[in-house]
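Visitor: In case you want the letters, here they are:
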Amino acid sequence: MSWTTSRRARLLAGVVAAVAVIVALLMTGLGRDPSVFASPLVGRMAPNFTLPQLDGPPVTLARLRGQIVVINFWASWCTECQDEQAALDQVWQQFQDSGVVVIGVNFQDTAGAARAYVRTDAVTYPVVEDAGSKTALAYGLRGVPETFVVNRSGRIVKHVIGPVDAAGLAAEINSTLGTGAR
Amino acid sequence: MNAAGTLRRARAGLPGLLVPIALAAGLATLVIVAAGGHPPASRAQQVQQIAAGLHCPICKDLSVADSPAPLAQQMRQEIAQKVRAGESADQIRAGFVAAYGDSVLMSPPRQGVAAVEYYVPVLVLAVGLITAFLLLRRWLRAPRPDPRQAGASQAGPRQAGSAQAGPPPLSAAQRRAVAKAVARLREE
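Taken in order, these protein sequences are the chains called A and B.
Numbered continuously in our numbering, the first sequence closes out at residue 182.
Numbered continuously in our numbering, the second sequence closes out at residue 370.
Since the hints were derived computationally from the structure, they do not count as laboratory data.
Zero decoy hints are in this set.
Residues on chain B that point at chain A, a partial pick, calculated with CB under 8 Å:
id, residue
1, 257
2, 280
3, 281
4, 282
Residues from chain A that keep clear of chain B, each with C-beta distances beyond 12 Å, as calculated:
id, residue
5, 27
6, 66
7, 94
8, 96
9, 125
10, 153
11, 167
By construction, the Cβ of each residue, glycine as well, lies at the ideal position given by its N, Cα and C atoms.
Build the full structure now, drawing on both the sequences and the hints.
Guide: Put into structure tokens, the structure is as follows:
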């Protein structure tokens, strides 16, 4: 009798544990935004590129080794890109003398619209064109805006999907500056 | 005369030549098919095949081959460029996986968390089926209660005991004796 009771208790405990595990898995899965993907590039070397500036000489990422590079993918038709514009400019102004470079990579846009945007919104950092989205595909871009922070040794240390805020980006840069050539 | 004779001989020998030629052609086709499985795909077919195996990163359940999104279109152009440059399908896929992760594949490899997600439901189903089978078997093997016994047990434990033993059937002589005894009792 007691044997049967303990067997039943064990069976019940097993069922409860299995249900708890399934519920926990479901809650974890449902709580995650399926549209947000962690970039596999974080921690890896940033794919190199040489892209023409809208108004200026081409920019080669490899030549910026030793500096912290903020790569921001944007488009003139993207409203969230307009929202983060001030933050990027602020960070550029704040850190350009500390070995930090901000590069705007224009994505799926026309040169005319991009130039007009840069003029109207007074973008002060270098902006390059990515015709054919070759660089965007190398960075696993899904949309704009997306921002990558590359440390002094050329490794991606941060990936932000959506607009950046000045405080968060400055904190990331300070942290990267503080860790030397991490 | 000689030329005409040669021509005639050649014509006469032509059917004989056709057979080995046809056999050689058939054999060559068999060898090609056996070696390659399929005739080599054109570049456009290769691009289509690779694109069909890649998930459009900004779409829901659409491959790069099927998606009309500009990003998918640019991915197709990138694939075409790499095919022209001589990269293999595996190399091209590896390039996209490096940038986007395994989620860019229409059939991601079943490793790590993906393996758990894939195999756990199968495991749970198997355990459920085995449990159901064991319970069903136990239920079918369990002794069924006798309806008479069930009725007796409802009547009470003492009667249940007598019902379990069961009275022996009376013979015709015994029944007559009992009937006589009952009649006598009534007369008295």
